[in-house]
Amino acid sequence: EDQVTQSPEALRLQEGESSSLNCSYTVSGLRGLFWYRQDPGKGPEFLFTLYSAGEEKEKERLKATLTKKESFLHITAPKPEDSATYLCAVQAGSGYSTLTFGKGTMLLVSP
Amino acid sequence: EADIYQTPRYLVIGTGKKITLECSQTMGHDKMYWYQQDPGMELHLIHYSYGVNSTEKGDLSSESTVSRIRTEHFPLTLESARPSHTSQYLCASRGSWNQPQHFGDGTRLSIL
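The listed protein sequences derive, respectively, from chains A and B. Just so you know, we're using this note's numbering here: the first sequence kicks off at 1482 and counts up by one. Just so you know, we're using this note's numbering here: the second sequence kicks off at 228 and counts up by one.
Some hints could be false.
To be verified - Here are the computed lysine-lysine pairs in the BS3-like style, where the Cα-Cα straight-line distance is at most 25 Å:
(1) A:K1540 x A:K1560
(2) A:K1523 x A:K1550
(3) A:K1584 x B:K284
(4) B:K284 x B:K245
(5) A:K1523 x B:K258
(6) A:K1584 x A:K1549
(7) A:K1584 x A:K1550
(8) A:K1584 x B:K258
(9) A:K1560 x A:K1550
What the hints assert, rightly or not - Examples of chain A residues toward chain B, derived with CB under 10 Å:
(10) V1485
(11) P1525
(12) G1583
I should point out that these hints are in silico values taken from the structure, not numbers from a laboratory. All residues carry an ideal CB built from backbone N, CA and C; glycine is no exception.
From just these sequences and the hints, can you work out the full model?
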C-alpha cells in the first residue's frame, strides 16, 4: 500500500526565515511526486511534479527536491503570502494509477 | 490555466435529502476525480472516471454515486444525505498521465 507522510504538521516562520518541509513516501515504482498549495476554502493549486531522484524544480521562493525515499520543499525568505497548507502526493505503479496524498503541512509566515 | 468549476460552493441541508454536487471542466480532459477532505486530513479518492461511460470507486468507501455522460461533466449524487456525509468534496481533472491533476474550489457540505 502506498503511503505518504508529511512533516511537520504545522510550521510557523518569521518573514525571511527559510525552512524546509518534508514528504516521505513508500510506493511501488514511483511515477511522479506532486506538490500542491492549498489556501483555506480553496482547492489545491499545483506547484511542481518530480519524476526521478536527483530532480529539482524551482518557482519563485520555492524549490522542490526528490530522493528515492523523500522530497523536500524548501522555502527561501518566505513572505506572509506564502502562508498555506502544502500537500504532497505520489503516483505509483502503472500509468492508470491514482494519487495518494499526505495530510499536508500548514505553514504560517508572520510579518 | 485549468478551468474546473464546482457548484454549489456551500450547502447546508437536512438529513434524507437527495443531493447532487456538480463538477464541470472546460479543458476536454478525459480523467476526472472526486475526493473527500476533512479538516487536517488527507484527500481521499472516492470516485474517478477515465472517460465517458467510465466510472470507478476509489480507495475510500462512499455511499455516493457518479455518472459520466459527457466529457466535461462529472456530477456526484447522494441519494439520502446523512450527517456522516458532512465534509468537503473536491473535484479534479487531468489530461495525460504525465500531467498534474487540477482541482476545483470544492463544495463544503453540511448535513443537519
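Consistency of the hints with the structure:
For a cut-off of 25 Å, the pair hint linking K1540 (chain A) to K1560 (chain A) stands: about 14 Å separates their Cα positions. Between K1523 (chain A) and K1550 (chain A), the direct Cα distance comes to roughly 29 Å. Violation of the 25 Å bound is thereby established for this hinted pair. Between the alpha carbons of K1584 (chain A) and K284 (chain B) the distance comes to roughly 21 Å, so the proposed pair stays at or under 25 Å and holds. Between K284 (chain B) and K245 (chain B) the CA atoms are separated by roughly 20 Å; this keeps the pair inside 25 Å, and the hint holds.
Pair hint K1523 (chain A) plus K258 (chain B) holds up; C-alpha atoms about 21 Å apart against a cutoff of 25 Å. Distance hint between K1584 (chain A) and K1549 (chain A) is fulfilled; the C-alpha atoms sit about 20 Å from each other, no more than 25 Å. Taking the CA atoms of K1584 (chain A) and K1550 (chain A), the gap is near 17 Å; set against the 25 Å cutoff, the hint holds. Between the alpha carbons of K1584 (chain A) and K258 (chain B) the distance comes to roughly 23 Å, so the proposed pair stays at or under 25 Å and holds.
A hinted pair counts as satisfied when its Cα atoms are at most 25 Å apart, and K1560 (chain A) with K1550 (chain A) does not qualify at roughly 29 Å. Because the beta carbon of V1485 (chain A) sits about 8 Å from the nearest beta carbon in chain B, less than 10 Å, this interface hint is met. For P1525 (chain A), the interface hint holds, since its Cβ comes within 10 Å of a Cβ in chain B; the closest pair sits about 5 Å apart. Look at G1583 (chain A): its Cβ gets to within about 6 Å of chain B, closer than 10 Å, so that hint holds up.
The structure does not agree with the numbered hints 2 and 9 stated previously, though it agrees with the rest.
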